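**Q** Go ahead and model the full structure; you've got the sequences and the hints to work with.
The chain contents come next:
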Amino acid sequence: MDGSKTYADVTADICRPVETKPTRMWWIGFLISASLLLFGVYSVYREVTYGIGQWNLNKTIGWGWDITNFVWWVGIGHAGTLISAILLLFRQGWRTGVNRAAEAMTIFAVMCAGQFPVWHMGRVWMAFFVLPYPNSRGPLWVNFNSPLLWDVFAISTYFTVSLLFWYSGLIPDMATLRDRAKEKWAKAFYGVTSFGWTGSTKHWQRHESLSLVLAGLSTPLVLSVHTIVSFDFATSVIPGWHTTIFPPYFVAGAIFSGFAMVQTLMLITRKVMQLEDYITLSHIENMNKVIVLTGSIVGCAYITELFMAWYGANQYEYAAFYKFRIAGPYGWSYWLMMTCNVISPQLFWFKKLRRNIAFTFIMSVVVNIGMWFERFVIIVTSLYRDYLPSSWSTYYTPSIWEIGFYLGSFGLFFTCYFLFSKYFPVIAIAEIKHVLKRSGESYKEQMGTIEEESLEKFVEKSHHAH
Amino acid sequence: MSVKKFVVGSFDEEKVLFPAVKQVRKAGYKIHDVYTPFPIHGLDKVMGLRDTSLHTAGFIYGITGTTTALSFMSWVFTKDWPLNIGGKPYLPLPAFIPIAFELTVLFAAVGMVLTFCYLCQLAPFVKKHHFSLRATDDLMVMAIEVTSKTNVEEAKAFLSAQGASDVHVQEAETGWWFGRYDKASKLYQDKNETVIG
Chain A
751 MDGSKTYADV
761 TADICRPVET
771 KPTRMWWIGF
781 LISASLLLFG
791 VYSVYREVTY
801 GIGQWNLNKT
811 IGWGWDITNF
821 VWWVGIGHAG
831 TLISAILLLF
841 RQGWRTGVNR
851 AAEAMTIFAV
861 MCAGQFPVWH
871 MGRVWMAFFV
881 LPYPNSRGPL
891 WVNFNSPLLW
901 DVFAISTYFT
911 VSLLFWYSGL
921 IPDMATLRDR
931 AKEKWAKAFY
941 GVTSFGWTGS
951 TKHWQRHESL
961 SLVLAGLSTP
971 LVLSVHTIVS
981 FDFATSVIPG
991 WHTTIFPPYF
1001 VAGAIFSGFA
1011 MVQTLMLITR
1021 KVMQLEDYIT
1031 LSHIENMNKV
1041 IVLTGSIVGC
1051 AYITELFMAW
1061 YGANQYEYAA
1071 FYKFRIAGPY
1081 GWSYWLMMTC
1091 NVISPQLFWF
1101 KKLRRNIAFT
1111 FIMSVVVNIG
1121 MWFERFVIIV
1131 TSLYRDYLPS
1141 SWSTYYTPSI
1151 WEIGFYLGSF
1161 GLFFTCYFLF
1171 SKYFPVIAIA
1181 EIKHVLKRSG
1191 ESYKEQMGTI
1201 EEESLEKFVE
1211 KSHHAH
Chain B
9 MSVKKFVVGS
19 FDEEKVLFPA
29 VKQVRKAGYK
39 IHDVYTPFPI
49 HGLDKVMGLR
59 DTSLHTAGFI
69 YGITGTTTAL
79 SFMSWVFTKD
89 WPLNIGGKPY
99 LPLPAFIPIA
109 FELTVLFAAV
119 GMVLTFCYLC
129 QLAPFVKKHH
139 FSLRATDDLM
149 VMAIEVTSKT
159 NVEEAKAFLS
169 AQGASDVHVQ
179 EAETGWWFGR
189 YDKASKLYQD
199 KNETVIG
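Taken in order, these protein sequences are the chains called A and B. Sequential numbering of the first sequence, starting at 751, is according to this note's numbering. Sequential numbering of the second sequence, starting at 9, is according to this note's numbering.
By construction, these hints were calculated from the structure, which means they are not laboratory data. Just so we're clear, the structure is a prediction, and the values are computed from it rather than from any experiment. Note that CB positions come from ideal geometry on N, CA and C, so glycine has one too. Hints are not guaranteed to be accurate.
[Stated by the list, open to error] Below 16 Å or equal to it, Euclidean Cα-Cα: the simulated EDC-like pairs (lysine to aspartate or glutamate) are:
id, chain 1, residue 1, chain 2, residue 2
1, A, K1073, A, E1055
2, A, K934, B, D190
3, B, K38, B, E153
4, B, K135, B, E181
5, A, K809, A, E1055
6, A, K1187, B, D146
7, B, K164, B, E153
8, A, K1187, B, D174
9, B, K34, B, D146
10, B, K38, B, E162
11, A, K952, B, D59
12, B, K136, B, D190
13, B, K135, B, D190
14, B, K12, B, E153
15, A, K1187, B, E22
16, A, K1172, A, D763
17, B, K12, B, E181
18, A, K952, B, D52
19, B, K38, B, D52
20, B, K164, B, D174
21, B, K191, A, E933
22, A, K1172, A, E769
23, B, K23, B, D52
24, B, K53, A, E958
25, B, K13, B, E162
26, B, K136, B, E181
27, A, K932, B, D190
28, B, K136, B, E179
29, B, K34, B, E162
30, A, K1187, B, E21
[Stated by the list, open to error] Estimated spans, in silico, between C-beta atoms of each pair:
id, chain 1, residue 1, chain 2, residue 2, range
31, A, L1056, B, G50, 38 to 44 Å
32, A, G1078, B, P132, 55 to 61 Å
33, B, W185, A, K771, 31 to 37 Å
34, A, A762, B, A131, 26 to 32 Å
35, A, P1079, B, T75, 50 to 56 Å
**A** Written as structure tokens, this is what we have:
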């Protein structure tokens, strides 16, 4: 954290955007998002009324943009819990600046992701068939052997646990807003949402224990969710999907795209809300380091896949990768993916570029374009030429309603994010105060006198203190 | 719960708070609670609170989830409606691992959060007495309960001597009640409500 702050300064700084009137930038952003959302709602309306035929899916490409978008959003939804949970367990102090917004991002991204498989069902009013419930058909249960059902459990558990983790951390900060509120609606709203939090020592003790255990639970959960998403593909027999490398490769890709999305949002948030003291250049640099690491892991996975397709000596596998993926009519999407995900992030080896805000912003968008194309490549280029050349489909392009649905998910995501950034504290206030004495600049300056002391004197003093 | 009388003092530094808590306890006063804007590690120890067993509860919820998932899926596939799926075994244990894991996490997380809310009495529309509105901002607020043995003036002087500022007496309801924070609620027992901010 930069600048010398007191506890009261921290509260005031972080509460300021919530307590003042929204800026013009906020309104513009919010209205654009809301109109995208409305267009998405109309696109979904078309799909529900006239059926999946509204999308340009064809006889071999049953999963097109729709599932691409699903996997992309789920991937983005991984960084939030990763930042909160894994970095909490590793005691990474820098996480406190970004965890709250990253967790919120996770929840919104998973909400967006969930839309795609649900509306893809076509007869969406029968969506509850995926739940195991006693029914009038026997009862005939769902197939617990199916990775698609595992996905239902994984995504809904992930959403629930992320929501609980996020909200339990939010309660004390909502109480801060409640106790500062001047307007009647704010007192009512923050009064209800803070659940009557007082800040009692016993409650804090339980809160700490709760956060720690939820973090411990979320860590394997994050890894399991994208592993299970990758099972949707890996357990099939489609050349291009049928590979054992998928789980780790998907998890690394998810962290990669998730961190990129956190970067995009953080850079905007800190600028618009003037929170440069809390989301600092070293946060940005740390996240860029994670991006270059995970990007390289993803690159290794791409190369391993190509190697195995050749070394495995299976002609269908070989054709899927070498004839239909890196070459053929969709070759451009493969090379776009390679450039965005593997080659360009290598520039982050340079410290100057890691600490350059404009460059980071552009890279964060580039990475997410690349990661979208990764899923597109996996799904479409494995499907467009199947075992029977006579059914090889014509070139697949999405319809406007397919694109509209995707734009609509952006609308949903950013509408939620704008509302969140206006009405909720975007930085965890209590957690910042907790680390203030250790990482605040004014407190670091006072350390000078302690550092000059002799070791014996320091030991003696610290013994007296306890 | 009931309305009680408290001597209340505020601290703005952990350095001052810790010795004060020790001294106040040594002097025989009964600390009702210390309200802080952020978690202060070690304060619970100094106040003599026992460790929470919330994590044990979480473990129990977790294994309940595992058991539920495994026993339910096994019952469905072997007893209730055995399905022949491509000639695979009726009890495919490896295929049960993902759902068993997810339910473990789900049960543990939901159970723990509900237990946490129950123990701390947190819920929407719950209202409590707040000794100071700055206890969620920048002050650590200590409330000492006035018992039949407590001399209020002595207690106030003692607390001030420990470095507390704004030492005063409050009568407060110790429990919770349903209410909204934008409306001042009068409790039937409470003569001078101090919550309104």
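**Q** Can you give the numbers of the hints that this structure goes against, from lowest to highest?
**A** Hints 5, 8, 9, 31 contradicted; others consistent.
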